[in-house]
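**Student:** Note that the protein sequences, when read in sequence, are chains A, B, C and D.
Numbering (the working numbering) for the first sequence: -13 to 368.
Numbering (the working numbering) for the second sequence: -13 to 368.
Numbering (the working numbering) for the third sequence: -13 to 368.
Numbering (the working numbering) for the fourth sequence: -13 to 368.
Any given hint might turn out to be false.
[To be verified] Dumping the calculated BS3-like pairs for lysine-lysine here, alpha-carbon to alpha-carbon at most 30 Å:
#, chain 1, residue 1, chain 2, residue 2
1, C, K315, D, K68
2, A, K308, C, K355
3, A, K189, A, K315
4, A, K68, C, K65
5, B, K308, B, K65
6, B, K308, D, K355
7, B, K68, D, K68
8, B, K68, B, K247
If you're looking for bench data, these hints aren't it; they were derived computationally from the structure.
Number of protein chains: 4
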Amino acid sequence: MRFLTAGESHGKELTVILEGLPSGLPLLAADVDGQLARRQLGVGRGARQKIESDRVEFTAGVRLGETTGGPVCMRIPNKDWKSWTEIMAAEPSDEPPGRPLTLPRPGHADLAGCLKHGLHDGRNILERSSARETAARVAAGAAARRLLAAFGVEIASCVLSVGSVRAAERPAFENCLGLDPELPMPGEAEAEEARRLILEARKAGDTLGGSTLVIVRGLLPGLGSHAHWDRRLDGRLGQALLSIPSAKAVEIGDAMEASTKPGSEMLDPIGYEEGAGFTRPSNRMGGLEGGITNGEELRLVTIHKPVPTLIRPLPSTHLGTKEAGKAHKERSDSCVVVPGAVVAEAMAALVLAAAYGEKFGGDSLAEMKRNWEGYRKQLEAF
Amino acid sequence: MRFLTAGESHGKELTVILEGLPSGLPLLAADVDGQLARRQLGVGRGARQKIESDRVEFTAGVRLGETTGGPVCMRIPNKDWKSWTEIMAAEPSDEPPGRPLTLPRPGHADLAGCLKHGLHDGRNILERSSARETAARVAAGAAARRLLAAFGVEIASCVLSVGSVRAAERPAFENCLGLDPELPMPGEAEAEEARRLILEARKAGDTLGGSTLVIVRGLLPGLGSHAHWDRRLDGRLGQALLSIPSAKAVEIGDAMEASTKPGSEMLDPIGYEEGAGFTRPSNRMGGLEGGITNGEELRLVTIHKPVPTLIRPLPSTHLGTKEAGKAHKERSDSCVVVPGAVVAEAMAALVLAAAYGEKFGGDSLAEMKRNWEGYRKQLEAF
Amino acid sequence: MRFLTAGESHGKELTVILEGLPSGLPLLAADVDGQLARRQLGVGRGARQKIESDRVEFTAGVRLGETTGGPVCMRIPNKDWKSWTEIMAAEPSDEPPGRPLTLPRPGHADLAGCLKHGLHDGRNILERSSARETAARVAAGAAARRLLAAFGVEIASCVLSVGSVRAAERPAFENCLGLDPELPMPGEAEAEEARRLILEARKAGDTLGGSTLVIVRGLLPGLGSHAHWDRRLDGRLGQALLSIPSAKAVEIGDAMEASTKPGSEMLDPIGYEEGAGFTRPSNRMGGLEGGITNGEELRLVTIHKPVPTLIRPLPSTHLGTKEAGKAHKERSDSCVVVPGAVVAEAMAALVLAAAYGEKFGGDSLAEMKRNWEGYRKQLEAF
Amino acid sequence: MRFLTAGESHGKELTVILEGLPSGLPLLAADVDGQLARRQLGVGRGARQKIESDRVEFTAGVRLGETTGGPVCMRIPNKDWKSWTEIMAAEPSDEPPGRPLTLPRPGHADLAGCLKHGLHDGRNILERSSARETAARVAAGAAARRLLAAFGVEIASCVLSVGSVRAAERPAFENCLGLDPELPMPGEAEAEEARRLILEARKAGDTLGGSTLVIVRGLLPGLGSHAHWDRRLDGRLGQALLSIPSAKAVEIGDAMEASTKPGSEMLDPIGYEEGAGFTRPSNRMGGLEGGITNGEELRLVTIHKPVPTLIRPLPSTHLGTKEAGKAHKERSDSCVVVPGAVVAEAMAALVLAAAYGEKFGGDSLAEMKRNWEGYRKQLEAF
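The shape of chain A in the complex, shown without the other chains (with noise of 0.2 Å):
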């Protein structure tokens, strides 16, 4: 299974195609609004989250409601499209390029873009850099999940901080699924806090980050290798993740406590249980031993960095004159640790897919899930 992403900020559209999926898997336009719409909930978010309602259009691999087994390609449109129309003409113009970006947000790729590309103004590089494109990769995230829920396989996530306040706790999967979608925040207290920050960040033109967990259950032990380090479910889940543009950290389980402990307190025994198998007390490895999936919950943080638009800009550099200004602004959200989290469940959904693929093989749903059963079995009568 592989993916490309297309589309600027505030062109006409996002565009991407999945390839790789098994045919006859249900799949409905509305199974992707559903995901994109989540997407753009979240205390702190910008005005643009409004306009857009983001909706999805199949032109390709879905045929009365299944997969065809060929590419699946998705269209997002920009509503925001129609203000830009000129700025962001694909045909030449004999007017100077509309709305240059000429002073470098610190935090996003805009001068190292430029630097790159040798370019004096960088909203060719904001275009494409900016997390807009994140919903492209949350549409081919939702037909991931799709897939996964065939197998059982249910993604759910939470808010662990948010600025200086941090959840009580690292929730269990139940108890992720009734938070409030706008801060689905473990503890009341800390939810209310943790509002209460992102809005008085706003007030001042200011943003903030934060972390977050995303949990996934039903997955079988034995996804991912041990044989060949690019084949580690750890290794991929992590370029994943930190492929997010906020994302700047990735933690597996419990490391960063695990690293301040004794092995003997911090590794999960084996038990067994007739029926149930192999059980483990803990869970402090996050699900992932050797890069192989172990049966247990499969527990995923990612530390968001504070979002680096700001209302009351940092100090930059203009890039043609050289001369110090104030970063450039454009639209943007206060705090994006919520849609973080769903832009993080379809990043994972998009790993996992593609391990059960390798595993499981297959060009048919039915397929598929033939070869999983008898692996299930398998499992059981180990």
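With chain A's structure known, arrange chains B, C and D on it following the hints.
**Tutor:** Quick look at chains B, C and D alone, frame taken from chain A:
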């Protein structure tokens, strides 16, 4: 650039084939042996490190002290092999397999690998998932860092924490250089305490984890790309580091701290200085913005779990009888944070060398350097 | 450089995402439309070509007439779509699927695809395996040839044979340029005879194949590599050409003839001329030696099978009842050798553009050209 | 499944790492040595083949006669190495490099490789582009065919032509089996004439090419895919075969003939027989339709150029002085069509084994076979 490693922990040897180096790169066995020796150091290492004294042999791709442009093949004999020739023989045998692993070690690939492959003896899993394989990565990484050195790129590392003791600060590049290679941790008192903790753990038959910092200096801005998720260097470095057997988390720059404070404090303003070009008064982003190097030091923290092979082993379950028992013991280390830093350097070097290859193309070192020189001038004239 | 195509033959549109082009490359819809139009020409084409008049729309990666460095997304609407909206709808329907394909066409993916996916209606297979998809490849190829043009590389092609009639000779590059685009075959008499054969076949409800020659001029020596099998350009070009639906054989240079004569006659001696550098009095190797371009014209012959959709259909078997019948009819062409040459040009362009990217690196066209210029000087000074 | 080869023609040894085989596959050195021996046969081979008697050593991935699931590493020592230790040493030397290649051989990578790498001595190019490297591919292919054998897939080959003499017919699988391994060409008179031509060429210091046919029997329908160009098996097999140093053309089935006749005669009608399922009275498509296996014999023709190293060498030009001279001589063969068939078998086996891996997934041979068995039943019930 790509590489494949092969070899079992107690097999005859490790092998790595590294494909894609330019021709004309000076490369000596001593370059590799120096890195292999660093990997064998560290307070808390087991007896095996004394047996080994790893030495590389080039069997392909290097001639008369320079790369040929063909795949480089490196062999690292396992000195221990002579005691394992029967157990690890390639040929079939009438005897039952020697030294089976029937009590899987928590934290290791043993149980997940056996379930995956349908095995009641985890010897084959242990042999490949063992951290011994990282010697092959370090060898490949030594060639990669030789390439980077030709472009003025230097790599250093240190230990940031061991168990509950943390370094007083996250040091600058220079401050990593004079540290004690057996425990390269900033702060004399902290290093002493860390040493004590490790020896105490060893005596108790227990193990410790910790964290390490890799710093890369001399990277040009513009490596990696914001244009597609899987070309971002943050993700690619994250995969490389999280694929290290002991690694369970990765942090870029000061991500943990940055996630707790407002953007106005944690992003790195953009200044300018005649002659020096763009300047950054701080480097909380760790040298990466938008998935691209920004010309600052690259700073990568890896968090390592405690070693999962304990002399006083954890509860486990027999793979065949399902009876409770104590996990398998295998000669091992009490703490691998010191070699973990060396392996992290190697993995970072491999990703960065590939990024240099992508940005500068070229078949010979001379061609690659000419292209690099052209880009340097482009940056100077920006 | 990589690309994914999506789209069904009677779906709403074709889409292609092309990732990896440098920024700053001039690219107009007209560049693509010109190639799409060439693909629709040819004696013996079916009615559909008149309906279509393919036109591309850029929705990403091109701004103000130049590539941005982000993924380029191109949409090519299917004009025919309006007659198929229900049959090809993405949404589920209570109606049974329209226009099922139950009698698989020999030579097509129909039967193998249905067995693979477990289907008794091959509509989904036909829709994706249809040669309509090659329009997306031609669009991607048009961008690739725009890149190649920036480096002085030109591509032309002609028809070498149609059924039993063969061109009198394999022409030089220049001799391809003035040929009739409806049947670009060297030799007036042969072209006339070929036209007659095609029209005769059409009248008989039959089809014809043939062979085509793609010639690429202006390639620098040194693209591709001998160092590893999968980097050799002969193999990569071979894959690209043999993946064309009609293609069943590929020949590089005069391989067929060369295989029948002694090496002393069929290899190309190496001369030298002051100013011009190394010279080759002949080019039987077709511009590739050891998997590397040698500076001569690249000459690639593709052999095309007769179109498998016949108006007087072949014997087939009903997928459900297993009763004998006549194979499915779908509006089609009698001969696709003419568009086959255009698709072969596109596929060759895509492989070669990727090879330029690998050899010269660079993020912007300016950087890539600077590196290319350096290599050109290296060659001159050799 | 993927593999990397390393090794120079006169280096110490060849190495191949093959990653992705399932665990539990029986694999003996004898399996590989048998194929290596076949590669050394053939009328017209040079003296070197007598020195070598290639033997493989497994150093990783095989234990007690079965694959472990880890990467398989195979070493094939070069018996000739002892005469080349100084010339091919990995260490730097004060002496000038021995046996430089200054007069490039037409048809080889020598000239193009030297231009590419900026070298006036082509020794490094020759050493890696030499067909000696194909021994490593044959070793990898031997493991792949061992996997295929577990699924009832068999591979055979024969010589179709040598220079101007052609086999009377393209034989069926069975008819390849009893042929003389020194010249496995159907038709006694033709084989005799071919032998005479080769010996005559050798006496004249000249070389010959020819063509070979690989036949694969027992493949299930449904391998490969029509869904995306780079998943089609025709293209992937084409790349694999065209990457063989001597190969310059590839034909699938009877493509040459099929391109000259109407579709009504050259496509393979689809019949049905109770018990046997779908039947095809002919197999002009060579077992592939739409890029997918169709259950018929896979038939792949490779066209080989004459060996480019001539004892009476062709005109060449000195790389340094640019003076005219005679091309470099190196001990070589007069005709490599016979080993060429063995290498073609190996390359086909590697592609097909990968396709089995993709279709059936699985980590152990047992799991892979269970999935394959399920698909077989699906086909039977179709």
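**Student:** Sort out which numbered hints this structure fails and list those numbers smallest first.
**Tutor:** Per hint list: 1, 5 and 8 violated.
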